[in-house]
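What follows is the residue order along each chain.
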Amino acid sequence: MAINFESALGLHAQALDVRVERTKILAANIANAETPGYQARDIDFKSELAAFESGMDVSRNYDMMFRIPAQLAADGNTVEIGQEQARFAQNSMDFETSLTFLNMKISGLRSAIKGE
Amino acid sequence: MSFANIYDIAGSSMAAQTTRLNTIASNLANVDSAAASAEEAYKSIKPIFEAVYHGTGVDANPAASVAVTNLTTTLDNADMRFEPNHPLADADGYVAYSNVDPIVEVADMMSATQNFEASVNVMNRARSMQQSLLNLGT
Chain A
1 MAINFESALG LHAQALDVRV ERTKILAANI ANAETPGYQA RDIDFKSELA AFESGMDVSR
61 NYDMMFRIPA QLAADGNTVE IGQEQARFAQ NSMDFETSLT FLNMKISGLR SAIKGE
Chain B
1 MSFANIYDIA GSSMAAQTTR LNTIASNLAN VDSAAASAEE AYKSIKPIFE AVYHGTGVDA
61 NPAASVAVTN LTTTLDNADM RFEPNHPLAD ADGYVAYSNV DPIVEVADMM SATQNFEASV
121 NVMNRARSMQ QSLLNLGT
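Heads up: the sequence lines are chains A and B, in that order.
FYI, the numbering for the first sequence is 1 to 116, going by the UniProt record's numbering.
FYI, the numbering for the second sequence is 1 to 138, going by the UniProt record's numbering.
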């Protein structure tokens, strides 16, 4: 049986990439929490990963979506800081989770190579 | 996969909030500054924030940092107080005091502090993510 690193690690590596890009977007939302007229954005993680799984060529140009705020601010800013912080925390925990899976894959492959 | 932008973004926010805190400190310090005329009176300073997008077209980065594009003074009028014995009193006996509202400034200060802390947390979190990425496979 040939070991294909791409297929063994591919999905998790892609997941990490989307997570990092999403971290950037959420960091930008938090940074611009008080910039008049700034519109909060996000990446839909599920649809990006589904696109990757279906074999689409997913470049770094992820689809951005604008956040629909629960409450409108007078200055046109759509960042809800608490929500963004919660999403940021969740996203980084998901990043750590993907990383853990990747680590388990790697140690699995290592044991297979060593024949342990 | 690059973390560099995250530090730039969080850093830009921290810098912007620091500028804001500086203006608040200046405003609060001058809350009782007197002047001979309304034009000369100290006026509350407010920074103007703007989202800054990097790159254009295909290379456009959707993550925007924040910048202070301008410092403006508020349009409220000076606080004219009737103090005929004050050395700066005008012909009618009025002295012009700053238009700083300490309540507004303190509320603004809390908001700036919290935003600054949010960005510090973002930076710490990004750092620990990068750290665990570096430990991958060990």
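A portion of the hints provided could be inaccurate.
Footprint (simulated), chain B over chain A, 3 or more residues, beta carbon under 8 Å [what the hints assert, rightly or not]: (1) 35 to 44; (2) 84 to 92.
Partial list, derived from the structure: chain A residues whose beta carbon lies under 10 Å from chain B [claimed, not checked]: (3) Val-20; (4) Ile-25; (5) Ala-27; (6) Asn-29; (7) Ile-30; (8) Leu-49; (9) Phe-52; (10) Glu-53; (11) Ile-68; (12) Leu-72; (13) Thr-100; (14) Ser-107; (15) Ser-111; (16) Ile-113; (17) Lys-114; (18) Gly-115.
Hint data in this document are derived by calculation from the structure and do not stem from the laboratory.
Think of the CB as a built atom: it goes at the ideal place given N, C-alpha and C, for glycine as much as any other residue.
Going through the hints against the structure:
1. Using a Cβ-Cβ cut-off of 8 Å, 5 residues of the segment 35 to 44 of chain A lie near chain B, which meets the minimum of three, so the contact claim holds.
2. Coverage of the segment 84 to 92 of chain A by chain B holds in this model, with 4 residues showing a Cβ closer than 8 Å to a Cβ of that chain against a need of three.
3. Hint status for A:Val-20: holds, given a least beta-carbon distance of 5 Å to chain B, under 10 Å.
4. With 10 Å as the threshold, the beta carbon of A:Ile-25 comes within range of chain B, its nearest partner Cβ sitting at about 5 Å, so the hint holds.
5. At about 5 Å, the closest approach between the beta carbon of A:Ala-27 and any beta carbon in chain B falls short of 10 Å, and the interface hint on this residue holds.
6. Among the interface hints, the one on A:Asn-29 holds; its C-beta lies about 9 Å from the nearest C-beta in chain B, closer than the 10 Å criterion.
7. At its closest, the beta carbon of A:Ile-30 sits 5 Å from a beta carbon of chain B; the interface hint therefore holds under the 10 Å criterion.
8. At a threshold of 10 Å, the smallest CB-CB gap from A:Leu-49 to chain B is about 15 Å, leaving the interface hint violated.
9. At a threshold of 10 Å, the smallest CB-CB gap from A:Phe-52 to chain B is about 14 Å, leaving the interface hint violated.
10. For A:Glu-53, the interface hint is violated, the least distance from its beta-carbon to any beta-carbon of chain B being 19 Å, above 10 Å.
11. Among the interface hints, the one on A:Ile-68 is violated; its C-beta lies about 17 Å from the nearest C-beta in chain B, farther than the 10 Å criterion.
12. At a threshold of 10 Å, the smallest CB-CB gap from A:Leu-72 to chain B is about 18 Å, leaving the interface hint violated.
13. With a least beta-carbon distance of about 9 Å to chain B, the hint placing A:Thr-100 at the interface is held under the 10 Å criterion.
14. With 10 Å as the threshold, the beta carbon of A:Ser-107 comes within range of chain B, its nearest partner Cβ sitting at about 8 Å, so the hint holds.
15. Among the interface hints, the one on A:Ser-111 is violated; its C-beta lies about 13 Å from the nearest C-beta in chain B, farther than the 10 Å criterion.
16. Given hint, A:Ile-113 at the interface with chain B, is violated; its Cβ is 13 Å from that chain's nearest Cβ, farther than 10 Å.
17. About 14 Å separates the beta-carbon of A:Lys-114 from the nearest beta-carbon of chain B, more than 10 Å, and the hint is not met.
18. The interface hint given for A:Gly-115 is broken, as the beta carbon of that residue sits about 19 Å from the closest beta carbon of chain B, more than 10 Å.
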